[in-house]
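Colleague: Each chain, letter by letter, is given below.
There are 2 protein chains.
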Amino acid sequence: MESFIEVPLDSDFPLENLPWGVFEAPGPAGPQVHVGVALGQHVISATELQLCSIVVPVPVHTRVQGRLNEFMAAGRPAWRAARSTLQRLLNASEGELRDNSELMSRVVHKQADVTMLLPAQIGDYTDFYASRQHATRVGSMFRGPANALNPNWLHLPVGYHGRSSSVVPSGAPVRRPSSAVSSSSPPPRPVVAPSTQVDFELEVAAFIGPGNTLGEAIPVESAWEHVFGLVLMNDWSARDIQKWEYVPLGPFCGKNWATQISPWVVTSEALEPFKCRPPAKQAGDPDVLPYLQEAMPYTYDVNLAVDITPPGVDRATTVTRSNLKHLYWSFAQMIAHHTVGGCNLRPGDLLGSGTISGDEADSSGCLLELTHASRDEIVTEASTGVVRRRYLEDGDVVTLRGWCGGDGVPCRRIGFGRCSGELLPCQP
Amino acid sequence: MESFIEVPLDSDFPLENLPWGVFEAPGPAGPQVHVGVALGQHVISATELQLCSIVVPVPVHTRVQGRLNEFMAAGRPAWRAARSTLQRLLNASEGELRDNSELMSRVVHKQADVTMLLPAQIGDYTDFYASRQHATRVGSMFRGPANALNPNWLHLPVGYHGRSSSVVPSGAPVRRPSSAVSSSSPPPRPVVAPSTQVDFELEVAAFIGPGNTLGEAIPVESAWEHVFGLVLMNDWSARDIQKWEYVPLGPFCGKNWATQISPWVVTSEALEPFKCRPPAKQAGDPDVLPYLQEAMPYTYDVNLAVDITPPGVDRATTVTRSNLKHLYWSFAQMIAHHTVGGCNLRPGDLLGSGTISGDEADSSGCLLELTHASRDEIVTEASTGVVRRRYLEDGDVVTLRGWCGGDGVPCRRIGFGRCSGELLPCQP
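As you go down the protein sequences, you meet chains A and B in turn. For what it's worth, this note's numbering labels the leading residue of the first sequence as 1, then goes sequentially. For what it's worth, this note's numbering labels the leading residue of the second sequence as 1001, then goes sequentially.
If we strip away everything but chain A, and leave its shape as in the complex, we get (with noise of 0.2 Å):
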């Protein structure tokens, strides 16, 4: 599948994807905001075309609005039909837009003139613990191998709400947060300070499609229905006030100062060639109550990466890898479980897998992880010499990669793009 808009061998964006997103372009009346899709080093505004009266079947709030919203509500439907046209329009073999230079002006733009903004207007958003490895190294370093999992954690995907007013999108600073850290020994002596402890942690979120109406559940074996696309999620976490605060009821000023969520929602379409087995069960692993048990349960492999540059270096250092399909609990049983007891989930809400950590302990998706809890370094070494970290400094740029295929798998590469920050020093 060729378009006539060139599309780099290595890109994470050929025809096949077609991730979808919101961006800010330059207009003859000043910057305006698109609903569009990704193709190579270009977008495509789906707006443009829908202004064109060429349809392209995204609800017209869409344009209005500026949010996938409505779009995302619409449904398996009517995201295949959009594809489709699209697919169609921007195929080498068809004229209609490649032959219009009026319209092509228009309609596409290169990705280094537009600012990404967030996909959806984010209702509520979700932070889930998925990840066994995850949560048997973290369970492993607080009380011991032998009690690592917590009893609930192999019977339900444990959860919790997490706030959607801090998401930000890929490119968007963050700022090392200051709030109320405690010595550990007791009696506690609290003071306010800026978090030493800054920490990264590599996540997939999926962005909700159709929702449930308050107080009817979502059966697993329809939940993936439910899921418009995902996107790569890194949910900065201060470990520092996370640990003081977060008895009884769970982290709060730890992660509530950003959230950073790469732009471009890949489909569950654009996924499909990918789909795998979620891991085997070990021995003695408790089978699931039924509301979380699907006849074929699936996941995707989508391959993740983190990379850190330094401040004042040119090149990005790779500290660890994994992949989604590590992940314990997948998207449809976390949907079927937060769901279970009537809770209504909306077009746009935002579900977090929590940290995907792999087998080896070089594939942790934290630093907590990787490093011990700090007891030891990851050491990695960067054009200017020798990096340490222990836990994040200011000026890092954190940068998440996801991938599928693109190794002689039976598609091309179906990439995420990249979730990039940088860490500014605490507020004066």
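Source of the hints: derived by calculation from the structure; they are not laboratory data. Positions of the beta carbon are idealized from the N, C-alpha and C atoms, including for glycine. Incorrect hints may have been included.
Said to hold, decoys possible - A few chain A positions that, by computed beta-carbon distances, are all more than 10 Å from chain B:
| no. | residue |
| --- | --- |
| 1 | 70 |
| 2 | 76 |
| 3 | 118 |
| 4 | 371 |
Unchecked claim - Computed spacing ranges between beta-carbons, pair by pair:
| no. | chain 1 | residue 1 | chain 2 | residue 2 | range |
| --- | --- | --- | --- | --- | --- |
| 5 | A | 65 | B | 1031 | 20 to 26 Å |
| 6 | B | 1075 | A | 279 | 37 to 43 Å |
| 7 | A | 110 | B | 1031 | 46 to 52 Å |
Starting from the known structure of chain A, fit chain B onto it as the hints suggest.
Modeller: Frame of chain A, contents of chain B only:
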């Protein structure tokens, strides 16, 4: 201050109150959504006053969108101007509205003829745990009196992010949830079952007016300026679900099936005569950190009560009485803590106080406390006989009431109306 619209002496809504709300009223072309205020047994449509070019300075988007967010964002000068305009227009001595029967018919509706909606689009809902009496009694039950308060409790207002999608207005039915629960004896044997421990929580919640920018804290000294007004809140809770799920990330399915609020937002201006000092410190209490210290701390003297009307019974029985003034942490302190690390609040966000319990055991704000985790029964007399409860039963109607004054203080009763909901049986 008298209006030409009759206000019964015991009304919650005299001309000194004028709480704001959003309601649907019959119109010539079908039901229409209005913003407006309550007066006695009537509602006054600010939307219609604007449409008739009577300048009530409510930002214009409000009437289009049927929500108060933009008005909340406008800040205290705009709130005061609107209040002053409405108090003049509605005054017994003022003819502009009174003598215009066509205008009257559009602007004034009976409360019985309108349906109350949520006052705002709630971007994020946060719930705190700010009552010392509640935290102490609940902590004593589970950890004994010596360890009742967690080490952080006296140092910061503990809170967590709640679920905004399941916030519903008074009058909405509430459905008993079914979710995973477990026997407490090891090994855990979870089952999915209807909760048998459904409880109410008597709370007051603040609607945020102007917000703050991500990364910039709100100082405690100006925090009250960010409060548009207060409502009553019933944080419906399923104790058995909560108990099994909440370690380590806090409440989730135990709480996210319904949180109910009273629909009229009582403003800081109306509450002004009922300002009072917060509770005195106890011997040995630590000084709070500087970011939580106010030069002149205050709260409001708001009487609170919870009534239960069992199914088939025609009369409500009051099961507990408390007061907002008992809270250890004020809303100003909750706001300062919420934002200290840079978290942004947005206009229309909702901050709950947590269960508000008084000093006496029978002034506890939830059944968990009143029945000592169902060890005892509460026994109340009703017209049809004696009612006994450990937790709530299907068909119970729970009604929260709140009011200031009305007993000789220098102003008429300023009431909150009701927050009322019926517990429906679990979805079959």
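Colleague: Each hint should be assessed against the structure and marked as holding or not.
Modeller: Structure-based check of each hint:
For residue 70 of chain A, the non-interface assignment is confirmed: its Cβ lies about 15 Å from the closest Cβ of chain B, beyond the 10 Å cut-off. Even its closest Cβ contact with chain B, about 22 Å, leaves residue 76 of chain A beyond 10 Å, as expected for a residue assigned away from the interface. No Cβ of chain B comes within 10 Å of the Cβ of residue 118 of chain A; the nearest lies about 12 Å off, and the non-interface call holds. The Cβ of residue 371 of chain A lies farther than 10 Å from every Cβ of chain B, with a closest approach of about 20 Å, so its non-interface assignment holds.
Range check, residue 65 of chain A to residue 1031 of chain B: Cβ separation about 24 Å, and the 20 to 26 Å hint holds. Distance hint check: the CB atoms of residue 1075 of chain B and residue 279 of chain A are about 53 Å apart, inconsistent with the given range 37 to 43 Å. At roughly 48 Å, the beta carbons of residue 110 of chain A and residue 1031 of chain B sit within the given window of 46 to 52 Å.
Of the hints listed earlier, the one the structure fails to meet is number 6.
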